[in-house]
Amino acid sequence: MSETNPTTDINDIELRSSIDRSLRHPVMFFFTSGALWLAVAIVFGLIASAKKHAPQFLDCCSWFEAGKIDAAHMSALIYGWGCSAAFGIIIWLMSRLSRKECTSAGIILVAGHIWHFAVLAGILCILTGNGSGIALMEFPSFVWPVLLFAYVLITIWSLVQFQVRDAGHVYVSQWYLLAGLLWFPWMMVTAYLFVFTFDGNPLMAAGIAAWFKNGLFLLFFLPTALASAYYLAPKVTGRPVYSYNLALFGFWSLAFLGPWAGMERLMGAPIPQFLPYVGAAAMVLILVPALAVGVNILKTIVGHSDVVEQSPSLRFTVSGIVLFMVFGVLSFALHTVTSMKMTQFSYTGYGLDILAIYGVFSLCAFGAIYFIVPRITRREWLSRRFINWHFFLSVHGVASIVICAIVGGVIQGQGIEDLTQPFGTMAERASSYGWGVTLGWGLILIANFFFCLHLLLMWARLGRRSSHPTLLQKHHSENPHGPEGEIDNIGSATA
Amino acid sequence: MDHTRDNPLKRFNAFWVAILLVTTFGIGCVILRPLTHGKVDTAYETASAARLAIKNEVLKAEAETLNVEALKKQMASLAKTLNSGEPTQGVMPVAAAAPAPVEEPPVEEAPAETTPDPTN
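Residue numbers (this note's numbering), protein chains in the order written: chain G, 1 to 495; chain U, 496 to 615.
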């Protein structure tokens with residue numbers, strides 16, 4: 001199962017194999033623990049969504065109060081699943097692209113455990129009512145330095161690998177990885193200091209928390225997803241990236257616009273008025289990098305629709321990139337002054353958040369996981385049906401959530417603005433769309449049951465010991481991942 | 496491929512440069528904040544200044560009118576009188592001992608019939 005062409009040098013294959021072996025334990029740890037966090041986040045999301053249209057649901061336990069479960073849901077999704085998947089992708093991709101084995105797998109594993117214990121402590125604090133109470137940064141203050149410490153221990157080795165890489169070309173994926181690696185600590189240190197350490201106006205603390213939340217997606221999750229897409233699209237199709245200049249433009253436009261976004265969540269609040277407007281303008285202009293990246297990736301794979309149909313990695317990745325373009329269009333439409341009046345205090349923001357974290361990042365991350373895991377476990381995925389179910393239920397689930405939350409949110413916002421109607425009318429209008437969101441989380445829960453089970457079987461090394469990769473169509477004339485036989489020929493995966 | 500870029504010294508340097516880079520973000524915030532965070536007159540602080548002025552004026556007026564020495568002297572003589580007094584049995588007030596008579600409302604006469612009885 002080589003990723004390039006039949007004439008690949010055997011030394012290069014051995015080097016890649018040794019890199020995979022060196023990273024097997026930390027990468028599988030991050031992927032499997034992330035999948036378990038994703039299951040927790042989805043269950044929390046299901047409860048939180050049900051409580052929006054049936055407030056009496058699970059009202060017997062104070063842990064499941066609406067405010068707590070909503071915060072726990074988003075925190076588990078972002079810090080439990082999102083960060084774990086991103087760490088696994090970052091350390092594997094940077095090692096592969098820098099052509100350097102990982103010599104610190106043990107430290108990364110320990111740091112990964114510290115990260116997960118900190119997230120667990122934070123979520124338990126939220127559920128028991130001991131969260132910070134600051135919207136979008138609900139973990140208590142003691143959790144953040146621990147997360148930062150663990151982050152540094154996990155990712156610093158990737159920065160070292162980049163620095164000592166063999167001289168030569170720096171790949172597009174490496175730009176995004178390097179930028180994401182540095183943007184994350186910048187945002188976390190700044191947000192932690194200004195929200196929890198320095199004394200300041202609480203309103204500005206809320207604004208900084210909103211900036212941090214948006215920054216996490218635009219400057220950490222999105223670069224990781226795009227690095228994966230820029231790696232997988234040329235790798236699986238066997239073609240170079242369509243336009244290097246367009247990739248450069250997409251990268252710098254994201255780097256320029258990303259740090260400005262976030263404050264639009266406080267539109268109308270008594271803070272300096274230019275801040276929400278600058279944030280809204282940045283969110284409108286996110287359409288520019290979305291189109292640049294989307295066109296570049298889609299042009300790279302154009303003419304290879306059969307490969308997209310067959311390869312699980314590419315199918316998930318292309319779906320994620322298409323949803324990134326949808327995110328750009330919706331962000332453009334929903335952050336104008338007139339539309340923000342309708343959407344600011346409605347479900348719309350939640351729909352956009354889920355589109356970003358699950359629709360864009362998670363689909364690209366699933367694509368990367370379907371590509372990476374067979375290489376580090378030396379086993380192939382067991383079932384194409386599991387992958388198919390995971391894909392279709394995920395796409396339908398996220399579509400249901402996003403459409404219901406955004407359309408329902410706009411209708412809810414119209415109800416709020418219509419002063420001739422009682423307030424209850426607005427709530428009634430929104431609750432019917434809440435059912436759609438709950439249904440969407442139900443679909444995603446089933447999808448991730450297949451994914452989680454499949455991944456745990458691979459982790460237990462129960463995958464197929466075959467030289468034929470698991471493709472999504474039974475009859476295929478040509479293997480899109482290159483010639484077969486690499487797995488068995490290179491030897492065992494014991495680290 | 497050039498392999499001379501990878502050596503222990505290079506890795507050591509890269510590690511500490513990365514650590515420094517991360518800590519620089521925090522150090523930058525600590526340094527820049529006092530430079531950018533000027534004096535801000537919040538509504539609370541403005542109101543508190545007016546309240547403190549009134550409070551000081553009241554305290555000053557009280558201090559001027561209050562003769563603490565005379566009060567202490569008076570309290571001492573009053574305490575001496577109370578200490579020297581014999582306890583006596585309390586007497587229930589007359590008004591409280593006998594309940595007040597209940598006033599009965601005056602009986603009003605029945606109103607004159609103004610409409611004819613329909614059964615007649």
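Do not take every clue at face value.
Covered, in the sense of this in silico footprint (three residues per stretch, anywhere, with C-beta under 8 Å from a C-beta of chain U), are these stretches of chain G [unchecked claim]:
#	region
1	64-75
2	185-198
Chain G is faced by these chain U residues, among others (derived, beta-carbon under 7 Å) [stated by the list, open to error]:
#	residue
3	R500
4	P503
5	L504
6	K505
7	F507
8	A513
9	F520
10	E540
Hint data in this document are derived by calculation from the structure and do not stem from the laboratory.
Using N, Cα and C, we set each Cβ at its ideal position, and we do this for glycine too.
Hold the hint about U:E540 up to the distance rule: shortest CB distance to chain G must be less than 7 Å. 12 Å, violated
Restraint satisfaction for U:F520 [CB to CB of chain G, less than 7 Å]: U:F520 check passes; min Cβ-Cβ to chain G is 4 Å, inside 7 Å.
Given a cut of 7 Å on the nearest C-beta pair, is the interface hint for U:L504 held or broken against chain G? Violated - the Cβ of U:L504 stays beyond 7 Å from chain G, reaching only about 10 Å at its closest.
U:K505 as an interface hint toward chain G, with CB separation required under 7 Å: Where the cut-off is 7 Å and the nearest Cβ of chain G is about 5 Å from U:K505, the hint holds.
Tell me if U:A513 is really an interface residue toward chain G, meaning its C-beta lies closer than 7 Å to one of theirs. 4 Å, holds
Interface hint outcome for U:F507 [beta carbon to chain G under 7 Å]: 9 Å, violated
Holds or violated: is the Cβ of U:R500 closer than 7 Å to a Cβ in chain G? 5 Å, holds
Satisfaction of the U:P503 interface hint, Cβ to chain G closer than 7 Å: 10 Å, violated
Proximity test - 8 Å, beta-carbon atoms, the region 185-198 of chain G to chain U, at least three hits: Since three or more residues must qualify, the claim that chain U covers the region 185-198 of chain G holds, with 7 doing so at under 8 Å.
Checking C-beta pairs, does the region 64-75 of chain G have three or more residues closer than 8 Å to chain U? Coverage by chain U is violated for the region 64-75 of chain G (0 residues, Cβ < 8 Å).
In this structure, the earlier hints numbered 1, 4, 5, 7 and 10 are contradicted, and the remaining ones agree with it.
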